[in-house]
Amino acid sequence: MDHRQQNGSIFGYYQSGIHIADIRFAETGVWHRPTGWESGEKQTGDFVQLLAGNTGYELPVHELNDRLAEWNSLDWSETDAVFPPTGGHYQKHECIEGIVAGGDQNTKQASVWAVRETTQPLDLIICENEVIALVLTGRGDSAILVKSGWEDLSPLKLWEDPLLSPARYGITHLGRHDVEMRDGVKLATEVWIPAGLQPGERVPAILMRTPYGRMDAVFRRLPFVARGYVLVMQDTRGREDSEGEWIPLVHERSDGDDTLTWIASQEWSDGAVGMLGGSYVGYVQWAAASSGNPHLKAIFSYVTVGTPYVDIPRKGGTILTGLSWIFMMAEKRRDVSLLSRDDWSDVLKVRPIKEIPQKVLGKEIPFWTKWMEHPDGDDFWAQSDWKRHADQVKVPSFLVSGWYDDNGMGTSESWEVISKQLPDHAHMILGPWYHKANTTREIHHVPFGNNAIRYDLDVTQLRWFDRHLKGIENGIDQRPRVEYYMVGENEWKTSPTWPPQEAVYTSFYLSSNGEANTSAGDGTLTTAVPQEQPTDSYVFDPQDAAPYLLDLSENENSVPENYSEVEKRSDLLVYTSEPLQEEVVIAGEISAVLYAASSARDTDWLVRLSDVDEEGNSIRLSDGIICARYRHSFSEPQLLEPDKIERYEIRMTKIANVFQKGHRIRICVTSGAENFSFPNPNTGNDLATDTEYVVAKQTVYHDEKYPSHIRLPLLPKKG
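If you count by the working numbering, then the sequence shown holds residues 90 to 808, one letter each, in order.
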């Protein structure tokens, strides 16, 4: 052993409960010793120095080495909040009791210190004023560094459950297979199997189908193989090394079906397959499930993309402005550099919409062109609407999403189907997260509790597959069907249903004396249907649409932003309750009914719910949008008769929130969502090819005959 690293502290590095390496932190640098877990043979050789740069570890071990001395020099015993000199904000969170291996066998108590104000939630565990562990969680995986012998005082305790599949296999990489689909197209498919399977021994498989590269971050999934599962990673059609044309969403039902059948035919397969993944990799699971393939036995779905007209790319019939993803996915291999543009505002103003790629990138994006050639919900879009085959979806399913997930409607759609089709085997977790689930305790200055981040998602994931692929009776079916985070109270709640069965849907009606424009207007909310009242009107100019607050480069749409400045615009109608005399609690799906007329032949309507505090900050909770021509049907559009009153049902995003005493409930109505969807030009022409604009007068009705309202799922008062 090199004498320069003899005196450092040794930490075990664990990926989703698997001990993959030992790390020695020393004054002279970082040293490591892989455990040999992939070969199945424990290695006990010397440590080798790790050079700065790409170390192969998810945790920034060199940075941590630089900070360990500082953290260990601080006094963690006399306070609940620590601000290290070189940065960071840590709050005392929860305690873990355990025994140090090789110690005096007395129980020790460690404290978890939750890091705040970061999207890299690397928490510290402190015992006797020393860092004994560091914990990084994510969307279905975790990385833990724990001082050797101190494992019992860390979240690794969660992996000690004897009913979990043990990590007793090495890994054999079978390499690439070109799997043929029913139309002859071959999809590049990578396979890893547990090493040491006996002749004729068959095991279940975990399948991930992805447009982002089948080898992308595969290290996060290989622990499944060590626990006795085959791992199958596949490039979706037209991506990376797969053949065929890349048209998002269109082929995933049939390709998923064919891939499941291929897996079941392999000599290592016992015929049972589970699917895993998030976002687009979540959507492909539901598409495959809708094929009715009998080999799909379990789904674990994170932040799934939904169907085209409910989620993306045509939410409510509008055309969403998710060009960062469109550009990134233009070529067979994604180009993340295209996310770093600083001219998105200019890009979004290019017309016609159909030609944006040619005018901005100098080239066509074929799938964008194809999308734009289908303005209405025709047979092309029907191929992507897996809910048309909802009766075929009978797969035990576990869903995870967040209140601020920009694809949150996909989880709502999926839950509606599976909770009816297979209620005894449908579970869901809803947290205060955006699309990068389980990584934040604060979003845009809206703070949540230290409990907002969970350490148990990857354990739960394994337990779900163990139960439904291996038949292990581990009790997961007896856990609460729904766990959701109550914003404002900052506590986790449980329910056998979603929305919670105790929720009472209550209508809050728009009301005014005809001057509801801006937050300074006279718009109010009432639970009584208004009698005869004047209407409210505003002018909608598509070239000066009200903004939707988001960071265009992050591709994160639905975050709890403060809309107080936006609500000063005259093209917003604002309806606000009186200050609440007691707290009001809501939890569930939200919708609105709007009676409105437009001077134009087509337009958009957006309804937003926000929580207004004593200082006037208006924090967005939920919203929904609809393109007027699709008010009756997405497949059979009907243009407006100018100034004719129409009824609009607007589906909004879900939320659980406590409106505190003294706060106010606010509803806004407008027609623009600049940065979220392309503003409707109001002409009635094809949205994709139009280059003209019409300024529209918009009128909202709210009286006994036309009672515009929002439906909120109120929970009963405590006690």
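I should point out that these hints are in silico values taken from the structure, not numbers from a laboratory. A few of these clues could be false.
As the list claims (entries may be wrong) - Computed list of lysine to any residue pairs in SDA-like fashion (alpha-carbon distance at most 20 Å, straight line):
id, residue 1, residue 2
1, LYS657, ASP630
2, LYS197, GLY238
3, LYS448, ALA419
4, LYS421, GLU332
5, LYS509, THR528
6, LYS582, GLN620
7, LYS448, LYS476
8, LYS807, VAL593
9, LYS438, SER166
10, LYS421, GLU279
11, LYS807, GLU672
12, LYS657, THR788
13, LYS443, GLU453
14, LYS131, PRO255
15, LYS448, ALA777
16, LYS438, TYR782
17, LYS807, LEU639
18, LYS197, SER166
19, LYS483, ASP566
20, LYS657, ASN602
21, LYS559, GLY238
22, LYS559, GLU332
23, LYS275, PRO174
24, LYS509, ASN540
25, LYS448, LEU437
26, LYS246, GLN355
27, LYS476, VAL439
28, LYS131, ILE408
29, LYS246, LEU211
30, LYS733, LYS657
31, LYS438, LYS476
Evaluation of the provided hints:
Note on LYS657 and ASP630: the hinted pairing holds, with a Cα-Cα distance of about 16 Å set against a maximum of 20 Å. With a C-alpha separation of about 12 Å, the suggested pairing of LYS197 with GLY238 holds against the 20 Å cut-off. Restraint check for LYS448 and ALA419: satisfied, since their Cα atoms lie roughly 14 Å apart, inside the 20 Å limit. Only pairs whose Cα atoms come within 20 Å are accepted, and LYS421 paired with GLU332 is accepted, the gap being roughly 10 Å.
Proposed proximity of LYS509 and THR528 is contradicted: the alpha carbons are some 30 Å apart, above 20 Å. This hinted pair does not check out: LYS582 and GLN620 have alpha carbons roughly 39 Å apart, beyond 20 Å. With a C-alpha separation of about 35 Å, the suggested pairing of LYS448 with LYS476 is violated against the 20 Å cut-off. A C-alpha spacing of about 14 Å is found between LYS807 and VAL593, which places the hinted pair at or below 20 Å, so the restraint holds.
Taking the CA atoms of LYS438 and SER166, the gap is about 55 Å. The hint is violated against a cut of 20 Å. Distance check on the hinted pair: LYS421 and GLU279 sit about 17 Å apart at the alpha-carbon level, within 20 Å; holds. Straight-line distance between C-alpha atoms of LYS807 and GLU672 comes to about 10 Å, which keeps the hinted pair within the 20 Å bound. With a C-alpha separation of about 18 Å, the suggested pair LYS657 and THR788 falls inside the 20 Å cut-off, and the hint holds.
For the hint linking LYS443 to GLU453, the alpha-carbon distance of about 9 Å falls within 20 Å, and the restraint holds. Restraint check for LYS131 and PRO255: the C-alpha separation of about 15 Å stays at or below 20 Å, so the hint holds. Proposed proximity of LYS448 and ALA777 is supported: the alpha carbons are some 14 Å apart, at most 20 Å. Note on LYS438 and TYR782: the hinted pairing holds, with a Cα-Cα distance of about 12 Å set against a maximum of 20 Å.
Taken as a hint, the LYS807 and LEU639 pair is broken in the structure, with Cα atoms around 35 Å apart against an allowance of 20 Å. As the CA atoms of LYS197 and SER166 are separated by approximately 15 Å, the hinted pair is consistent with the 20 Å bound. With a CA separation close to 16 Å, the supplied pair LYS483 and ASP566 stays within the 20 Å bound. Under the criterion of a C-alpha separation no larger than 20 Å, the hint pairing LYS657 with ASN602 is consistent with the structure, at around 18 Å.
With a C-alpha separation of about 32 Å, the suggested pair LYS559 and GLY238 falls outside the 20 Å cut-off, and the hint is violated. Of the pairs offered as hints, the one joining LYS559 and GLU332 is violated, with about 33 Å between alpha carbons and a cut-off of 20 Å exceeded. Our distance criterion of 20 Å between C-alpha atoms is broken by LYS275 and PRO174, whose separation comes to about 55 Å. Our distance criterion of 20 Å between C-alpha atoms is broken by LYS509 and ASN540, whose separation comes to about 30 Å.
For the proposed pair LYS448 and LEU437, the alpha carbon gap of about 11 Å is at most 20 Å, so the pair holds. Taking the CA atoms of LYS246 and GLN355, the gap is near 36 Å; set against the 20 Å cutoff, the hint is violated. Restraint check for LYS476 and VAL439: not satisfied, since their Cα atoms lie roughly 34 Å apart, outside the 20 Å limit. Distance check on the hinted pair: LYS131 and ILE408 sit about 55 Å apart at the alpha-carbon level, beyond 20 Å; violated.
Distance check on the hinted pair: LYS246 and LEU211 sit about 18 Å apart at the alpha-carbon level, within 20 Å; holds. The straight-line distance between the Cα atoms of LYS733 and LYS657 is roughly 28 Å, outside the 20 Å bound, and the hint therefore fails. The hinted pair formed by LYS438 and LYS476 fails the criterion: a straight-line CA distance of about 34 Å is larger than 20 Å.
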